[in-house]
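J.: Listed below are the residues making up each chain.
2 protein chains.
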Amino acid sequence: MNNQGIMARYREYLPVTDKTPELSLQEGNTPLLRGDQLSEEYELDVYFKVEGFNPTGSFKDRGMVVAIAKAAEEGSQAVMCASTGNTSASAAAYAARLGLRCVVVVPDQNIALGKLSQALVYGAEVLAVRGNFDQALEIVRNLTERYPFTLVNSVNPYRIEGQKTAAFEVCDQLGTAPDILAIPVGNAGNITAYWKGFVEYHQAGKSDRLPKMVGFEAEGAAAIVRGERVKEPETVATAIRIGNPASWDSAVKAAEESQGRIDSVTDEEILEAYLEIARREGIFAEPASAASWAGVKKMRKQGLIPAGSRVVCVLTGNGLKDPGTAIDAAAAEPKVLDCDESVILEAIMGAEEVSHG
Amino acid sequence: MNNQGIMARYREYLPVTDKTPELSLQEGNTPLLRGDQLSEEYELDVYFKVEGFNPTGSFKDRGMVVAIAKAAEEGSQAVMCASTGNTSASAAAYAARLGLRCVVVVPDQNIALGKLSQALVYGAEVLAVRGNFDQALEIVRNLTERYPFTLVNSVNPYRIEGQKTAAFEVCDQLGTAPDILAIPVGNAGNITAYWKGFVEYHQAGKSDRLPKMVGFEAEGAAAIVRGERVKEPETVATAIRIGNPASWDSAVKAAEESQGRIDSVTDEEILEAYLEIARREGIFAEPASAASWAGVKKMRKQGLIPAGSRVVCVLTGNGLKDPGTAIDAAAAEPKVLDCDESVILEAIMGAEEVSHG
Chain A
1 MNNQGIMARY
11 REYLPVTDKT
21 PELSLQEGNT
31 PLLRGDQLSE
41 EYELDVYFKV
51 EGFNPTGSFK
61 DRGMVVAIAK
71 AAEEGSQAVM
81 CASTGNTSAS
91 AAAYAARLGL
101 RCVVVVPDQN
111 IALGKLSQAL
121 VYGAEVLAVR
131 GNFDQALEIV
141 RNLTERYPFT
151 LVNSVNPYRI
161 EGQKTAAFEV
171 CDQLGTAPDI
181 LAIPVGNAGN
191 ITAYWKGFVE
201 YHQAGKSDRL
211 PKMVGFEAEG
221 AAAIVRGERV
231 KEPETVATAI
241 RIGNPASWDS
251 AVKAAEESQG
261 RIDSVTDEEI
271 LEAYLEIARR
281 EGIFAEPASA
291 ASWAGVKKMR
301 KQGLIPAGSR
311 VVCVLTGNGL
321 KDPGTAIDAA
331 AAEPKVLDCD
341 ESVILEAIMG
351 AEEVSHG
Chain B
1 MNNQGIMARY
11 REYLPVTDKT
21 PELSLQEGNT
31 PLLRGDQLSE
41 EYELDVYFKV
51 EGFNPTGSFK
61 DRGMVVAIAK
71 AAEEGSQAVM
81 CASTGNTSAS
91 AAAYAARLGL
101 RCVVVVPDQN
111 IALGKLSQAL
121 VYGAEVLAVR
131 GNFDQALEIV
141 RNLTERYPFT
151 LVNSVNPYRI
161 EGQKTAAFEV
171 CDQLGTAPDI
181 LAIPVGNAGN
191 ITAYWKGFVE
201 YHQAGKSDRL
211 PKMVGFEAEG
221 AAAIVRGERV
231 KEPETVATAI
241 RIGNPASWDS
251 AVKAAEESQG
261 RIDSVTDEEI
271 LEAYLEIARR
281 EGIFAEPASA
291 ASWAGVKKMR
301 KQGLIPAGSR
311 VVCVLTGNGL
321 KDPGTAIDAA
331 AAEPKVLDCD
341 ESVILEAIMG
351 AEEVSHG
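For the record, the sequence lines run as chains A and B.
In terms of full-length UniProt numbering, the first sequence is residues 1 to 357.
In terms of full-length UniProt numbering, the second sequence is residues 1 to 357.
No lab work stands behind these hints: they were computed from the structure.
Check the hints yourself; a few may be wrong.
Note that identical chains are pooled: a pair holds if it fits in a single copy or bridges any two copies.
[As the list claims (entries may be wrong)] When the alpha-carbon atoms are kept at most 25 angstroms apart in a straight line, the in silico SDA-like pairs for lysine to any residue are as follows:
id	residue 1	residue 2
1	Lys206	Asn3
2	Lys19	Glu341
3	Lys231	Glu341
4	Lys298	Tyr13
5	Lys301	Asp249
6	Lys253	Leu337
7	Lys301	Glu232
8	Lys335	Asn142
9	Lys335	Gly324
10	Lys253	Pro157
11	Lys298	Glu269
12	Lys301	Asn142
13	Lys335	Pro306
14	Lys206	Gly308
15	Lys19	Gly350
16	Lys196	Arg130
17	Lys206	Gln4
18	Lys196	Ser76
19	Lys231	Glu22
20	Lys335	Leu100
Note that this is a predicted model, so its numbers are computed, not measured.
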């Protein structure tokens, strides 16, 4: 049964000591679901690593549990982060569990409703600033250098340590690493963490190969692809609406060392992939997550991924975090009807005629 | 690793045949998290069964995977349900995975935003009726008797079969059944299913005892407690806003046979418990879920639960399904500030003075 978190399950690979507090919301151990319909259609062997199953609904929990536990171990009373939403939700939850103060700084626009609700419910102090993520992170980095707040953004090295466990799980679930690991790229910490995980597991003899790492930025925030900072990043995929990735260099290194690449996908491609994952495979991920599958489709069309390749697409967060985008993307309103049997019957049978007509 | 759904894991206890399609979004295997802070404060040994970790964010997935697989096995092309939101999300996801048509009928008011977004994204046909759940269910029951749609509400017996696996998991996770199993009661299918599961596992020698079943309705929808149908059910806990529970008799039977009880809790008690679970234990469940913990607190105060009792509270759904209620309940708006280091510093230090003052 699922009765452990990542610090217990992968202890030997993590900076956990006898003094590290036991902390877990049973993060990790997320499903690797095969996409049967999409595999057939695209002549691939596609799996989705569904990180939305984590306690606060995103991959951030893997790194945050380590970062918060180590902060407590080191005597910290308060933690702080900048966030597009997922990091703040995760920090708030783990801080609550250990009784630490948690301050989160988020952009006042473009934060998904679900993520905002999480930070508030968990009792974090939420500061919304008139600026974007990159500006918020710069301020938080400066403040945490001078005041007794522990920085828990992914520049905190414990975050990357925890996040690398997702790569371990992929290997454990498949028996080895896939041919290709596809992943959304925002602040670029996650691609860095996965690559670190695959390399460590390979060195430990737990996987007989290394995957190619392919990362995808949103076109409106594609700093690494463009080779320059994007001052006003814009994309529907708010979780990767980041114009100056903190882990830029290590992301490029992961792509190069693995003979992979970092590319970008448009918002249109992201939303198409987002609906496709939901309607063909029954998986509701947040828009940014769909960048991985959108990118794989793009590379497949370009002939850059051979037929039959085993591909793992990381779906970084739960679709429930952003209900507004979901309703917009579905481009369908519920039909509002009188509560009457014949009215409902007509609606159903009418639809049937249309769908068969 | 978590690589199976409930039909594979508990096959011998389920109506699965060689002809049943393999269907899974890796439902089940949800965490049983101990509430360390609340256990200490209330002198209990409290665990939370966090069903919001399921693929569509609620316990409904356990029963729905069986109901949809059996519908397909029996040659059905279309499924239908009435729903306060969670059932429709689950039906839509599993129907999508098997390519079945899915029609869901929901009340046009009081459906949580996240749940609506799920049904739409998964591609279900959503009919919102000017009425409540009970009225919608009556119509759907009538229509599915006369037309070739499979009813997948919990009156479909496969739903209860699948849902009982949650009781199996609780026993597997604790080594035996708890003293008390506390659970929200809406349509009353889930308390019925848990009791069935505990009894079967006990008979199979997998648990050396049976728990007391304590179920909690919302006061504004407390049909079983009042002993009469509630025509206009009202509660903030929309998932249990049901005035004429379909499994009324079997819920009463579960409480009686187990020497437990069915009681009600107010919206105020529900929202207090909801915030307490989030802020003390780091678990974000939907409002209806908190009825279980609210009820345990009430019974503890009344002297009906002895100190030291081992209590499992079922948290039926993910808090992300209802971000609106979360933001209202938190009763805190994010502070909107200029993106300036000194402004943010002042906000943090001001808060510190206040909190220490």
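J.: Which of the numbered hints are not met once you compare them with the structure shown?
T.: 2, 4, 5, 6, 7, 12, 13, 15, 16, 18 and 19
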